[in-house]
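What follows is the residue order along each chain.
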Amino acid sequence: SQKIEQNSEALNIQEGKTATLTCNYTNYSPAYLQWYRQDPGRGPVFLLLIRENEKEKRKERLKVTFDTTLKQSLFHITASQPADSATYLCAFRSGSARQLTFGSGTQLTVLP
Amino acid sequence: GAVVSQHPSWVICKSGTSVKIECRSLDFQATTMFWYRQFPKQSLMLMATSNEGSKATYEQGVEKDKFLINHASLTLSTLTVTSAHPEDSSFYICSAPFPGTGNTIYFGEGSWLTVV
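Top to bottom, those sequences are chains P and W. Count along the first sequence from 1, then add 668; that gives the number in our numbering. Oh and the second sequence: position 24 is 14 in our numbering, straight run, nothing missing.
A hint or two may mislead.
Among the chain P residues that face chain W by a calculated CB cut under 7 Å, a handful are [what the hints assert, rightly or not]: (1) Gly711; (2) Pro712; (3) Phe714; (4) Leu716; (5) Gln767; (6) Leu768; (7) Phe770; (8) Ser772.
For the record, the hints were derived by calculation from the structure and aren't laboratory data. Every residue, glycine too, gets a C-beta built ideally from N, C-alpha and C.
Bound-form chain P, shown alone:
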């Protein structure tokens, strides 16, 4: 069955640096891969969606890449700030399914 993995449970970086989070999947490429931010006790907040035929998406300080050869998506936050500290979740959808399958999440801490 399809699996989605986020390699790091936790990542600490210094303020101003670029944070890079990894999401790997097995088997077939999802039609859509989405990244969410989740703060403690809150629902996930949508950040970016990237399609199978797209290599890169950007939104302000955020960038997502999608490499179907490596079966991997990278999520970058440039010029990171302490306010970026949160758990980041990647999730995929296959073409026919409408529900999301989530990775376990990476807890990012940006140190001042």
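Put chain W on the given structure of chain P with help from the hints.
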């Protein structure tokens, strides 16, 4: 602003009672909504897919008689936890695909359930 709203944000109930959680799509119609459950420090696990006007589709291992889902209108789905037990205490989150956004799925704020 939020496009999916949940109510209540948190609820405490006694063992053996039932509790209802509402999920509303704001200013858009959602023929499908999804219910997730999340335990502390774990990821979201899909419980069921709520379909407007028809029966919900439950994931393997989720008791449909315990977690009753009703999707009576295009903007409202409800999850009722029946005969609640302490092990049902969790964070319940709903989501819905927002039309015209390339299938982006938005989540509600979540509902904390504590069964005492």
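- Query: Looking back at the hints listed earlier, which ones does the structure fail to meet?
  - Reply: 4
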